[in-house]
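**Q** Letter by letter, the chains look like this.
There are 2 protein chains.
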Amino acid sequence: MHPSSSNVPIDWTRQTSGCLAVKHLGQMIFVFNELYNETTEVLSLLGLNTFIATMAFASSAVANGIFFSAKNNNPFVSYAIANDQNAKRTTAKPLPVQHVNKKAMSSSILKLPSSISNLLHLHLSSHQEVVYPPRTTNSCFLIQNQIPSCSPKEEISSLQPALHGRDDWSPVLEPLHPYVRRELIKYGELAQATYDAFDNNPLSKYQGSCLYGRNRLLPALGLSHHGYFVTEYIYATTHAHLLHWLVRPFFPSCWSDDSNWMGFIAVSGDEESRRIGCRDIVVAWRGTVSPAEWIEDLQGKLEHLPQAPDDVRVEHGFLSMYTSRSPTSRFTRSSASEQVMPELLRLVELYKKRGEEVSVTITGHSLGGALALLNAAEAGSLLPKDVAVKAISFGAPRVGNEEFGDMLRRNGVKVLRVVTKQDVVPKVPGLFFNEGLNRTGWEWIYEHVGDELELDARASPYLKNGVVDIAGFHGLETYLHLVDGYDGAEGGFRAGARRDVALVNKASGFLREELSIPANWYQPENKGMVRNKFGRWVLSGRDPEDIPSPCTANAYDVSSSVM
Amino acid sequence: MHPSSSNVPIDWTRQTSGCLAVKHLGQMIFVFNELYNETTEVLSLLGLNTFIATMAFASSAVANGIFFSAKNNNPFVSYAIANDQNAKRTTAKPLPVQHVNKKAMSSSILKLPSSISNLLHLHLSSHQEVVYPPRTTNSCFLIQNQIPSCSPKEEISSLQPALHGRDDWSPVLEPLHPYVRRELIKYGELAQATYDAFDNNPLSKYQGSCLYGRNRLLPALGLSHHGYFVTEYIYATTHAHLLHWLVRPFFPSCWSDDSNWMGFIAVSGDEESRRIGCRDIVVAWRGTVSPAEWIEDLQGKLEHLPQAPDDVRVEHGFLSMYTSRSPTSRFTRSSASEQVMPELLRLVELYKKRGEEVSVTITGHSLGGALALLNAAEAGSLLPKDVAVKAISFGAPRVGNEEFGDMLRRNGVKVLRVVTKQDVVPKVPGLFFNEGLNRTGWEWIYEHVGDELELDARASPYLKNGVVDIAGFHGLETYLHLVDGYDGAEGGFRAGARRDVALVNKASGFLREELSIPANWYQPENKGMVRNKFGRWVLSGRDPEDIPSPCTANAYDVSSSVM
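Here the protein sequences come in this chain order: A and B. Note that UniProt numbering numbers the first sequence so that position 530 is 530, with each residue one more than the last. Note that UniProt numbering numbers the second sequence so that position 75 is 75, with each residue one more than the last.
Among the hints, erroneous ones may be present.
Which copy? The list can't say, so a pair holds if one copy fits it or any two copies do.
Unchecked claim - No more than 30 Å apart at the CA atoms, straight line, and that leaves these computed lysine-lysine pairs for DSSO-like:
#, residue 1, residue 2
1, 153, 533
2, 352, 385
3, 464, 533
4, 464, 527
5, 427, 301
6, 421, 464
Because the hints were derived from the structure by calculation, they are not lab data.
Hey, can you work out the whole structure from these sequences and the hints?
**A** Structural data, given as structure tokens:
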């Protein structure tokens with residue numbers, strides 16, 4: 001019996017009969033799934049989205065055992081390995097049985113006839129009907145505000161092969177295992193840290209750097225509970241055409257004119273390593289919050305990826321960011337690649353020498369997701385083969401051609417792309433077949449490399465409905481909110497979701513007005529102005545330990561004075 | 001010998017001969033001034049601004065004795081009563097001799113020939129040539145940041161008749177006496193407090209109220225050093241057409257649906273009363289920061305002022321704000337007028353019984369300046385005649401017709417209008433002669449009632465030049481900055497000005513970019529979102545003592561719960 005992911009008062013009685021029933025249904029579902037997978041692509045080309053949605057719904061409905069749970073007013077279904085093929089591949093212990101609150105499922109069952117009706121009438125609308133709760137009033141939200149938002153931290157080392165090893169992710173993705181959900185949110189929050197700590201104040205002497213030194217980063221952002229420790233910062237520059245991407249400080253005498261802080265490398269501490277069953281090295285890449293800044297720059301050309309087979313090509317702009325050096329900057333005398341890879345090799349060697357199982361997780365959102373892919377490709381080639389390398393990207397654009405995907409697959413790099421249906425960024429850059437290549441790269445190539453977790457912004461009752469909010473759809477906090485509420489491909493919102501909804505509006509105005517959360521509320525007091533000892537308002541300086549330093553060691557740059 | 005208003009190292013040796021010379025020049029200047037005043041209006045109609053400016057310059061140049069100080073490389077001129085007529089009117093002790101730093105004067109002398117040349121050629125450009133210092137770099141500003149911004153607090157009770165009594169202001173206004181400057185800034189800062197403490201967060205339960213309880217208001221805003229204590233808050237509503245003015249909270253269940261906090265009444269403490277030579281009762285009226293909101297609503301009709309002679313008429317909208325009640329609101333069951341006047345009468349009676357000299361100073365910016373005028377008119381009629389009533393308005397619009405001005409003058413109300421040349425608000429509403437009145441009210445009527453201190457935004461080297469920034473020109477903090485730097489009508493900027501320049505950008509972007517002060521920097525951290533004990537981000541509640549309460553006594557409204 002595991003603690004639930006929700007603390008709403010629910011009777012967690014184990015429904016043994018249901019659990020067994022699911023076991024017996026396993027074979028049936030497998031056939032169903034195979035059929036589903038075969039037909040999806042064909043139908044997709046024909047635009048028959050409703051059929052796919054209905055099949056997916058039926059598939060997950062069977063997997064979740066809602067056929068019998070529908071009789072129950074407050075139905076619980078058991079989470080189990082429904083797919084025998086996946087169970088065979090799993091070399092470690094079978095997944096623990098986990099109870100999932102499927103309250104929303106009973107209303108989904110009612111939608112089945114209408115979906116079939118839609119199918120028979122070839123009604124092609126892809127708009128899903130989502131049942132919204134009655135308008136949340138301020139006071140309702142106040143009550144919800146009193147539910148703790150922290151998740152339980154279970155010992156999940158038994159899931160290590162699927163979560164942090166080389167095993168396929170698919171058995172834990174649909175339906176999404178609660179442990180996987182929490183791991184995804186953990187990595188997403190580490191990626192979010194690269195935004196929250198980025199100094200984008202045009203009047204800061206350190207614009208373009210990280211607000212905190214590497215020892216203070218995660219504690220300052222309230223992320224200590226994840227149990228990771230930052231070992232290195234990554235800086236990047238670019239010689240490419242992504243002009244809008246590089247934040248250039250207003251003052252020429254600042255810390256660095258042509259480098260930007262791009263993320264960090266962190267290692268799981270002993271406690272977290274025990275919990276997840278391996279030493280986890282995370283690389284988190286910063287993207288850009290506003291898609292408008294760089295989307296137009298992405299219509300670039302494909303370029304050969306160095307040290308890869310001839311036909312492997314990736315987007316020129318991303319590659320430039322990943323590999324450019326600047327001889328004039330102390331921070332990017334070596335390229336991002338040259339900063340990350342030695343540190344990864346050093347850490348892997350360090351922990352392997354101790355006989356530990358090591359995994360490398362490379363994550364990023366948006367542009368950061370693209371860099372994570374490039375980084376994962378390089379790590380997959382250069383790191384020892386017994387180190388599992390995985391990339392988890394949120395709302396990332398396309399990076400390269402099919403051969404790039406093949407290379408990733410050959411090197412055993414696991415890729416999970418978390419995308420939101422309504423987000424435009426994963427749909428750029430344009431189709432590659434007009435780039436003069438022989439092979440037609442119609443579709444996003446990583447469908448064949450790893451897995452995709454497709455979120456639907458319409459599933460959340462907290463988000464504005466019927467608006468096209470490009471920044472809202474694309475924001476990483478929106479992604480994390482939707483991962484938290486993800487209730488299967490059919491699009492419900494998990495009743496037990498309890499990640500703080502207010503975070504969505506940190507850098508967007510995508511929450512419904514009734515929730516009374518200010519839009520874009522993440523802002524420093526008085527834009528960083530503080531009163532100095534002379535009674536004057538000045539931009540706050542930085543503590544010495546937070547001043548950007550190109551040294552790996554914790555040596556501080558004392559040449560720059562703080563005010 | 002008085003301490004100087006500037007702390008730059010200057011030799012404050014008294015220039016006795018210069019002082020005497022000014023005395024002898026007094027008669028000459030008086031004739032000059034009379035001629036100047038007579039001709040100004042006629043020339044103004046003809047658009048001969050350059051002539052006026054040159055005359056004004058010559059006049060003030062004589063008054064300031066620069067004809068002989070020009071021989072000196074570092075000229076100091078003595079501050080004295082240059083106008084014999086004004087000296088006769090002064091019944092109390094003569095003003096103390098005050099040394100004023102006139103460093104900028106030597107450069108002004110060089111401009112005289114070019115001004116005369118302009119005149120002879122009838123060059124009509126009104127653009128004043130201001131000599132800007134070299135572009136301030138960031139580091140220069142850092143040095144300036146290390147000059148304390150607090151002013152010395154001299155014992156100024158000897159100035160009481162002119163400053164807080166019934167005496168004419170003119171002898172202390174041109175050139176502006178340093179003590180007067182500081183008093184103006186004091187009242188301006190009390191008026192600014194009404195903006196800084198106004199809750200205009202659309203998601204706040206208390207939108208439209210004051211952020212702090214009356215005991216906490218001035219300490220919370222760092223204004224304790226002025227030595228005043230708030231005794232009462234003023235709320236107002238309106239039945240008039242100023243629809244945009246009233247802030248209406250988003251939530252119907254909030255503290256008050258149709259009342260807004262409009263300001264406060266405060267009394268000088270014992271120490272401050274001793275310093276200024278009387279018990280000073282201040283009424284500070286809130287205006288509106290953005291002129292756009294209400295300027296369009298100001299094209300209203302004139303309305304008879306109740307309990308005044310038949311021909312006294314004032315703007316309908318302001319009068320409605322000042323006199324409207326709302327039976328449904330706990331805060332405006334009585335009108336603003338009915339809240340202010342009893343409290344003023346109570347306080348006046350209280351301190352007069354103790355045998356103290358009592359003065360009433362009513363201040364406000366923008367819309368608040370208009371309300372201050374109405375309030376001063378009422379106070380002038382109802383308060384005992386031995387209580388000096390004065391109104392100091394910053395950037396206030398017109399309020400009434402000439403007869404309203406006559407009434408103020410008859411009642412001995414001293415009015416000082418501080419206006420910035422470039423500010424549009426003092427120029428609204430339109431001319432009144434088309435309102436069907438018999439008398440032609442061509443000009444702003446308060447020119448005849450009190451005094452005007454005209455500021456010039458171009459005089460400040462810190463403000464953006466050549467831009468039309470309506471909000472920047474109109475902002476109260478801009479006014480206070482210009483009062484601090486006011487160096488006479490000829491438009492220089494006082495070298496010793498040391499009020500914190502950064503304050504200008506609190507709610508504007510009017511400071512030059514080189515100063516590296518963020519625009520509109522006055523903002524709460526995370527828009528008021530705080531993490532509650534459950535780890536969730538929520539809009540911060542209010543301390544019980546800060547929850548709006550209609551009670552005069554310090555009883556708190558415990559019926560509203562804080563979150």
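**Q** The structure should be examined with respect to each hint, and the outcome stated for every one.
**A** Hints and how they fare:
1. 153 / 533: Between copies only: 19 Å across chains, 45 Å inside a chain, cut-off 30 Å.
2. 352 / 385: within (12 Å within a copy, 92 Å between copies)
3. 464 / 533: between (45 Å within a copy, 27 Å between copies)
4. 464 / 527: both (28 Å within a copy, 20 Å between copies)
5. 427 / 301: within (16 Å within a copy, 59 Å between copies)
6. 421 / 464: within (15 Å within a copy, 47 Å between copies)
Against the hints set out earlier in the document, no violation occurs for any number.
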